[in-house]
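**Student:** Residue-level listing of the chains:
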Amino acid sequence: MDNTLLSVKGLEVGFDTEQGLAKVLDKVNFEIMPGEIVGLVGESGCGKTTLARAILGVLPKNSARISSGTINFNNNELLKLSSKDLADNIRGKLITFIPQDPLTSFNPVFTIGAQMMDLMKWKSPDSVKGKYFTRYKKSRQITDRKRIIDLLHTVQLPDPEGILRKYPHEVSGGQRQRLMIAMALLPEPRMIIADEPTTALDVTIQAQILKLLRGVAVDRGVSVLFTTHDLGAAYEICDRITVMYAGQEVETAISNDFFSKPRHPYTRKLLQSLPNNSQTLKGIPGQIPALINPPSGCRFHPRCDEAISECAKLRPAVTWPKKGHMLRCFNSKSAPAKETKNVVI
Amino acid sequence: MRILYLIFNRLVWFFPTVFGLLLLVFTISHIIPADPVAFLAGDNATNEQIADLRAQYGFDKPLYIQFINYVLGTFQGDLGISLYTQRPISDDLLGRLPATLELTFVSVLISAILGVPLGVIAAVYRNSVADHILRLITVSGLAIASFWLAILFQLFFAMELQWTPLQGRIDGWGPDHITGFFLLDSLLVGDWESFGSAFSHLVLPVATLAFPAMATIMRFTRAGVLDAINSNYVLYEQAMGFPERIIIWKYILRNALIGTVTQIGLIFGLLLAGTVVVEAVFDWPGLGLYAVQSIMNSDYNAIMGFTLITGTMFILINLLVDVLQGVMDPRSEL
Numbered sequence: 003m004d005n006t007l008l009s010v011k012g013l014e015v016g017f018d019t020e021q022g023l024a025k026v027l028d029k030v031n032f033e034i035m036p037g038e039i040v041g042l043v044g045e046s047g048c049g050k051t052t053l054a055r056a057i058l059g060v061l062p063k064n065s066a067r068i069s070s071g072t073i074n075f076n077n078n079e080l081l082k083l084s085s086k087d088l089a090d091n092i093r094g095k096l097i098t099f100i101p102q103d104p105l106t107s108f109n110p111v112f113t114i115g116a117q118m119m120d121l122m123k124w125k126s127p128d129s130v131k132g133k134y135f136t137r138y139k140k141s142r143q144i145t146d147r148k149r150i151i152d153l154l155h156t157v158q159l160p161d162p163e164g165i166l167r168k169y170p171h172e173v174s175g176g177q178r179q180r181l182m183i184a185m186a187l188l189p190e191p192r193m194i195i196a197d198e199p200t201t202a203l204d205v206t207i208q209a210q211i212l213k214l215l216r217g218v219a220v221d222r223g224v225s226v227l228f229t230t231h232d233l234g235a236a237y238e239i240c241d242r243i244t245v246m247y248a249g250q251e252v253e254t255a256i257s258n259d260f261f262s263k264p265r266h267p268y269t270r271k272l273l274q275s276l277p278n279n280s281q282t283l284k285g286i287p288g289q290i291p292a293l294i295n296p297p298s299g300c301r302f303h304p305r306c307d308e309a310i311s312e313c314a315k316l317r318p319a320v321t322w323p324k325k326g327h328m329l330r331c332f333n334s335k336s337a338p339a340k341e342t343k344n345v346v347i
Numbered sequence: 587m588r589i590l591y592l593i594f595n596r597l598v599w600f601f602p603t604v605f606g607l608l609l610l611v612f613t614i615s616h617i618i619p620a621d622p623v624a625f626l627a628g629d630n631a632t633n634e635q636i637a638d639l640r641a642q643y644g645f646d647k648p649l650y651i652q653f654i655n656y657v658l659g660t661f662q663g664d665l666g667i668s669l670y671t672q673r674p675i676s677d678d679l680l681g682r683l684p685a686t687l688e689l690t691f692v693s694v695l696i697s698a699i700l701g702v703p704l705g706v707i708a709a710v711y712r713n714s715v716a717d718h719i720l721r722l723i724t725v726s727g728l729a730i731a732s733f734w735l736a737i738l739f740q741l742f743f744a745m746e747l748q749w750t751p752l753q754g755r756i757d758g759w760g761p762d763h764i765t766g767f768f769l770l771d772s773l774l775v776g777d778w779e780s781f782g783s784a785f786s787h788l789v790l791p792v793a794t795l796a797f798p799a800m801a802t803i804m805r806f807t808r809a810g811v812l813d814a815i816n817s818n819y820v821l822y823e824q825a826m827g828f829p830e831r832i833i834i835w836k837y838i839l840r841n842a843l844i845g846t847v848t849q850i851g852l853i854f855g856l857l858l859a860g861t862v863v864v865e866a867v868f869d870w871p872g873l874g875l876y877a878v879q880s881i882m883n884s885d886y887n888a889i890m891g892f893t894l895i896t897g898t899m900f901i902l903i904n905l906l907v908d909v910l911q912g913v914m915d916p917r918s919e920l
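Chains A and B, in that order, give the protein sequences.
Quick note on numbering: the first sequence equals residues 3 to 347 in our numbering.
Quick note on numbering: the second sequence equals residues 587 to 920 in our numbering.
So here's chain A without its partners, still in its complex pose:
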C-alpha cells in the first residue's frame, strides 16, 4: 500500500431534481497525503461541498446518487462500509468536520460543555470501538473533561471552564469557530474536513482562525481538506490546492506554483478575477453551466478562450507537466503563463 491517506477515484455523484439528474461530480480524482493540508477551491456550486459530504457519507439520502467511483481512506473503502459502521467508526473518530457556520451548527438548546461531553462520550480516543451502549464511566468523564479544557487552552479560548457553561449563542463568532476546531481535534482524527470554515466570519477574524487551524493541524500531523471559494484563504493555509470547475477537477498544484505558475485557463482566469492593485476587477465571462445537462468534454470549454475542437468531445486526460502538478487540459499552450503579478490578498 502507498501511504496516501485519502484517495478518491472516478467519483460520480448526481442529485435527483425535478428537472432530472444533476451530474454534480464527474469522475473526480482527489488525494490527500498524511499531514497534508489540501485546498479545494472553485465557485459556488462547483461540487466542493458535495465532495466533502460524499467523503463523510452524509449526502442527502433521498436525492443523492453515487453512480461510480471509490473513496479509499486509511485503507478502508468508505463506499463499501455500512452507514452504521461509517457513523460509529469513521465519522467523528478518524475524520472530523468543521462546518461553515458555527452558530447554526451548534445545537442551540444545549450548553457548549454538554455538547462537547456528548461528543467525547462516543468519540473520545478512549472510547472502545463498537461499544456504543456502555455507560460513560466517571473516570473516563474526568479524563475527557481534562482533554477538553486542555484543548480549549490550545485554541486560545479565555476562561474554558466558563465557556463550557455557556450556550452557543452567548459566545462570539470567532470563539464559536475556535470551539468547532477544538471539537474537530478532540477525537484525535487522521483528517479534518473543513467546509468553508471562515466564510461566515468577519474578515479580521478569518486570518486568525486560518492561522490557528494550520497551526494545530501541523502540530498534530492531521490532514485537512479545506474547501473554499476564497483563494486568499486557500493561500494562507494550504500546502496544495485543487481547482474544481462544475464538478470536474481541472488542476492541482502546490500552493506556490498554483499562484505563480497556473496552467489551466480556468485557474488563470480565477486568479485574474482577484482584486489587484493594478487593474480593475475582472470577472469570468459566461456563467457556471446547469448540471442537469452539462457541456460535454471539458465542462469549461464554452467559457474558455483557448478551447480547441477536442475540448467539446472528450474530457482531457490527467497530465503531469511537473512533479506534483496535475493538469487536465488539451491545450499545450496552457504552459505557464507570464508570471502573474503578486496576488493581493
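Bear in mind the hints are in silico, worked out from the structure with no lab data behind them.
Built from N, CA and C at the ideal position, the CB exists for glycine as well.
Certain hints may be false.
Said to hold, decoys possible - Under the rule of at most 25 Å between Cα atoms (straight-line distance), these lysine-lysine pairs were calculated in the DSS-like manner:
#1 A:324 to A:263
#2 A:123 to B:836
#3 B:836 to A:86
Unchecked claim - Far from chain A by the CB rule (all over 12 Å, computed), these chain B residues:
#4 590
#5 650
#6 652
#7 722
#8 729
#9 737
#10 749
#11 762
#12 879
To be verified - Chain B regions said to be covered by chain A (calculated; three or more residues, Cβ under 8 Å):
#13 819 to 829
#14 835 to 843
#15 910 to 917
For chain A, the structure is supplied; the task is to place chain B on it using the hints.
**Tutor:** Coordinates of chain B only, in the frame set by chain A:
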C-alpha cells in the same frame, strides 16, 4: 436568575389579564337582554318585591359599584349565589373542579404520550406509508366532531362490546376524599376496586378528548422535527458521527418540543371547552356539565363563575407554558 426573572415577569402580567377576564365576564353578563331578578321573582311578583330583590342582590347600584363589588367578592372567593340552587357558586364549582381537571389532565397526558413519538416517527419517515397513515389519523382527529365521536364510542364500546361503562365517573361512592382526583385518591388509600372503576369510566371520555388533542400535538411535533432535521446542527451532528437514535430522540426532539409545549398550553383551552360537550354526553359530574345545566336554567351567576374559573385556569396554564418555554429555549427573549 434568568428563570426567576422570567417567572416574575409573567406573574406581573397575570393580574392585568385576570382583571381583563373579570371585566369581560361582567360586561357580557350585563349586556345580555335578560333580567335575572325578574327570573328570580317569578311571574306574579309585585314591583315592590322586585325592587327588594334588586336591592338584595345589589342590582340597584350603579354599574361601576356593581363591578367593584364583583371584583372584591371574587378575590375573597365569593362568586355569588346560584340563582337556581341558592347555593354559593364557588362551593359548586370547587366541588366539581377535580372531576374536570382529572379528565383534562389525563387527556393531555395521553395525547402527549402518543402524539409526540408518533409526530417524530411521521417526520423521520416522512412520505412513507407510516406517515400517510398517521396523516389520515390526524386529519380525522381534527375533523371529527367530539359529540359524534363520543356517541359512537358509547354505542360501540359500552353498548355493543360492553367493555366500558356507558357514563358517569365511578361505580359506588368512590375512594375517600383526599384530593378529589379519584385515580390519585384510590391509589393513595390502596383502594384498587375504586381505581379500576374510575379508570374504566375515564377511558371513553378521555379517548374522545385526547383524539383531537393528540392530532394537534402530532402535527406540531412533526413540523418541529422536520424543521430541526433540515438544520445545520443536525448536519453537523451527523457529520461528527453521533448515533442516529441520539440525534433524533435527544438533539432533534429537544428542539422540536419547544413548539409542542406552547401548543399543549393552547390544547388545554381546547380541552376545557371540549369538556362541556363530553361531560354532557358522558354525564361526567364536572364543570362542563354544571355549565350546561346553568345555561339551561339561565343561571347567570353560575355561568359567570364557570367562565371565570375556566378562563383563570387557561391563563395559569399558559403562564406555566411561558415559563417552561423560557426554561427550554435558552435563546428566548425575556
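**Student:** Could you run down the list of hints and mark each one as holding or not?
**Tutor:** Now the hints, each set against the structure:
1. A:324 to A:263: 11 Å, holds
2. A:123 to B:836: Satisfied, since the Cα-Cα distance of roughly 14 Å is no more than 25 Å.
3. B:836 to A:86: OK: residue 836 of chain B and residue 86 of chain A at ~18 Å, within 25 Å.
4. 590: 18 Å, holds
5. 650: Check passes; 49 Å lies beyond 12 Å.
6. 652: 50 Å, holds
7. 722: Non-interface label on residue 722 of chain B holds, nearest chain A Cβ at 22 Å vs cutoff 12 Å.
8. 729: 30 Å, holds
9. 737: 43 Å, holds
10. 749: 40 Å, holds
11. 762: 44 Å, holds
12. 879: 47 Å, holds
13. 819 to 829: holds (count 10)
14. 835 to 843: holds (count 3)
15. 910 to 917: holds (count 4)
In this structure, every one of the numbered hints holds.
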